[in-house]
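A.B. asks: Make the full structure from the sequences, and use the hints.
Protein chains: 2
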Amino acid sequence: MDSHDSRHHVLIIGCGFGGLEAARALADEDGIRITLVDRSNHHLFQPLLYQVATGGLSAPSIAAPIRHMLRRQRNATVLMAEVVGIDKAARRVSLADGQQLGYDTLVVASGATHSYFGRDADWAPHAPGLKTLDDAFKLRAKVLLAFEQAELLADAAAAAREPWLNFVVIGAGPTGVEMAGTMAEIARHTLKDEFRRIDPTRAQVLLLEGSDRVLQAFKPDLSARAAQQLTALGVQVRCGAKVVGIDAEGVDVEERGQRLRIPARTVVWAAGVAASPLGRCLDVPVDRAGRVIVEPGLSIPGHPEVYVVGDLAAAQSHERDGTTKPVPGVSPGAKQMGRLAAANIVARLHGKPPEAFRYVDYGALATIGRSAAVADLGKLQFSGLPAWLFWLFVHIYFLIGFRNRFVVMLDWASSYFSFQRHARVIAEQALPGAADQPIGVHSSTSVPSGQRT
Amino acid sequence: MDSHDSRHHVLIIGCGFGGLEAARALADEDGIRITLVDRSNHHLFQPLLYQVATGGLSAPSIAAPIRHMLRRQRNATVLMAEVVGIDKAARRVSLADGQQLGYDTLVVASGATHSYFGRDADWAPHAPGLKTLDDAFKLRAKVLLAFEQAELLADAAAAAREPWLNFVVIGAGPTGVEMAGTMAEIARHTLKDEFRRIDPTRAQVLLLEGSDRVLQAFKPDLSARAAQQLTALGVQVRCGAKVVGIDAEGVDVEERGQRLRIPARTVVWAAGVAASPLGRCLDVPVDRAGRVIVEPGLSIPGHPEVYVVGDLAAAQSHERDGTTKPVPGVSPGAKQMGRLAAANIVARLHGKPPEAFRYVDYGALATIGRSAAVADLGKLQFSGLPAWLFWLFVHIYFLIGFRNRFVVMLDWASSYFSFQRHARVIAEQALPGAADQPIGVHSSTSVPSGQRT
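These protein sequence lines map, in sequence, to chains A and B. The first sequence lines up with residues 1 to 453 when you count with the working numbering. The second sequence lines up with residues 1 to 453 when you count with the working numbering.
Think of the hints as simulated: they come from the structure by calculation, not from any bench. Fair warning: this is a prediction, and the values are worked out from it, not measured in the lab. Glycine residues also receive a C-beta, built at the ideal position from the N, C-alpha and C atoms. Just so you know, not all the hints are guaranteed correct.
[Said to hold, decoys possible] To be clear about the criterion: a stretch of chain A counts as covered by chain B if any three or more of its residues have a C-beta under 8 Å from a C-beta of chain B, and this derived list gives those stretches: (1) 192-200; (2) 240-253.
[What the hints assert, rightly or not] Taking beta-carbon pairs under 10 Å as the criterion, some of the chain B residues facing chain A (in silico): (3) 61; (4) 244; (5) 425.
[Said to hold, decoys possible] Here chain A is said to cover these stretches of chain B; the calculated rule only asks that three of the stretch's residues, wherever they fall, bring their Cβ under 8 Å from a Cβ of chain A: (6) 39-50; (7) 63-69; (8) 76-85; (9) 230-242.
C.D. replies: Given below as structure tokens:
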């Protein structure tokens, strides 16, 4: 396509933080044209995805159409398509619809996905993770439907009803901690007066962590403070709990040498992440999580025209003192890689050597729930309300587009004071039991799936 | 369930305008307990559904959780469930999950669904209608994906590309007119600068109407003015065009004795409405559209304890002069029926006779697009900007909940001045061609459906 164009063609796969930043950093290069390919039509502000999953924000607040974001960048073309193969020798990628796209330089930024430690087929259907908007919608529906089911089964035996009021989050990293804290808040406050047959405040939220503390990436005393805040919000924190089985009705755990069964209809997976399978198409060494081991300048060995950035890259930060450190899988890391890849592309076009990647660490921040968070800014550590306010400020600041920031602020302010969450819509879908029942006792008419009764 | 409760049990099926209004009107009756059953968890402000379908509003702005709306009404229990059968003799209904619910009085308010004039199986997959949020999400994705596909196929033959830029709306009632006008606006303004390979302003929006004019329910001169405004917005209005075929690639039409083929990948159905199939479970006479023919007091013949309200009822308005008039299928009609049914339930409990339904007509209002609408308030008819401003005011006024009104106003003000539509998210889903292709040329790993590249 467009083979008549003489400009250097940079093809970017994936429009997360890394890919988007690379594209933007090349905006003023007249000698370069960019094609950005993404499977979805939007750039997602993933750090707030759990808010969509828990009904606090609606999707458009954290997702902006990619082509709208880049509408003024005239050297960028956006294509919504799925890349299914990469041919490094011929310098082209193939799309799912059979088309081919050539490139002069390739930036692979296709990110990460869930990993169920080899149990994907068994566990994924029962314990959805949280990476995409689709995941968030499914999780939101699942959580809200669980309370609806419990209300419907109010007269049934406790053994049938209670698993609907047990919510298990597996993995106490930032996403797991956020999900657990927010679900506890929903049960204790949001839904408090809305049920007549069950008491939603009696719902149990369990946070299971295989290691000995929550938020491993933080210093131990911040982990301890996070655990305290979680407990105060009503979350049952269980460290040293190794998940050995997940099915439709609960979770099997090994805890202090014992095997336990936790009956639960709602299980959230926040434990494992693996690199996008596209990394393996590059045919270069990957680490255990499938991340591509990149050169200091973020290109792959032997191919200075192919870069890998973001969660897909196993990159090292090359410190001033000559040592190296691994780069954490957070959005500032991906953005910084995207920027450096862009700079190295330009340098190479001018015959200059690439610069090595150095990660600038602004600190770590994790929110837990209402007025609860932990912050580690290197020399400064704090938690509770100050950390939460800081978290709020940072996340609103980095949200893209004025409208989003404004509406998110409005949503948060209103939910903070009212304890309400406005985005609690479940799209009409098959209710449990609805799929296998024809409608109408004396009618052969079938109901379209979208019909409201 | 709850058989120990001695209060009179009113069971309401469906929480649209009719069902919700009936429940609310019974709020102060201490001798009555209410169970409201709906397949979805939200009350939908259907008049603005086309705004969700066209990316102008996000779903939570027009959909409120039913149990949140009724949280302070202590005599009301909300159940999210699907009713699949009604047993009038035993006074109970059966739910899809096998449970039974008894009642003393039943109010059936399950509304209407699409009707494809007997061609449901053939046409529905290619020409989605617009009744539920799910419909709106699907339509939104379909419209946005069509432009994405056209951009992807920019180098393909015109015959392959152009059907993606033809948008056909079938039926020029209020919904069809709104959809056509808004889609023309999206093509001409919203997406204007966002594509590099196609010119979205060259997209064609066709509005096909079988009868001789748009907006049949309005006076002929307002219809003419609506048609003018549609044309000015860029819609091709084709009256006297009878649809005889719909498939994945286009529509077959009979127009002035000729059979024509319109190639189009996006077809919206706004032509036929049929009553909910639940009406037939009542085993009483229905009209041609499947609507239940009710008594003057809105109960069904022989069963003063069973009421039918809203779009499911073929109700007559009993005028003061003794004549009767059919009631139009609009939200004020449904609300008024809900209120009268509630009053007649209370009257019956006190041994009083039912009152006959009289519809109070506040006029008709239809929006067409940016600054374009028609209004018929009986003695007063107007169109254009004044009608549009009036429409705006009425719809914001009737939206439920302060937050919704405020956010909707914000969205509308911002999209009016910027020509933008913020809710343009397509959830990650299989792209055309993506489903039947494995990922990875040398990898057997498959990509989870929700993964972003």
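A.B. asks: Does residue 244 of chain B pass the interface hint, meaning its C-beta sits closer than 10 Å to a C-beta of chain A?
C.D. replies: Residue 244 of chain B check fails; min Cβ-Cβ to chain A is 22 Å, beyond 10 Å.
A.B. asks: For the region 76-85 of chain B, does the count of residues with a C-beta closer than 8 Å to a C-beta of chain A reach 3?
C.D. replies: holds (count 10)
A.B. asks: Could you check if residue 61 of chain B really has its C-beta closer than 10 Å to a C-beta on chain A?
C.D. replies: Since chain A brings a Cβ to about 8 Å from residue 61 of chain B, closer than 10 Å, the hint holds.
A.B. asks: Tell me whether the statement that chain B covers the region 192-200 of chain A is true, taking a Cβ distance below 8 Å and needing three residues at minimum.
C.D. replies: Result for this restraint: holds, n = 5.
A.B. asks: Take the shortest C-beta to C-beta distance between residue 425 of chain B and chain A; is it under 10 Å?
C.D. replies: holds, 5 Å
A.B. asks: Using a Cβ cutoff of 8 Å, are there at least 3 residues of the region 230-242 of chain B near chain A, or does the coverage claim fail?
C.D. replies: violated (count 0)
A.B. asks: Are three or more residues of the region 63-69 of chain B within 8 Å, CB to CB, of chain A?
C.D. replies: holds (count 4)
A.B. asks: Is the listed coverage of the region 240-253 of chain A by chain B valid when you require three or more residues with a beta carbon under 8 Å from a beta carbon of that chain?
C.D. replies: Coverage by chain B is violated here, the residue count being 0 at a Cβ distance below 8 Å.
A.B. asks: If you look at each residue in the region 39-50 of chain B, do at least three have a Cβ nearer than 8 Å to any Cβ of chain A?
C.D. replies: holds (count 5)
Going down the numbered hints, you'll see the structure goes against 2, 4, 9, while the others check out.
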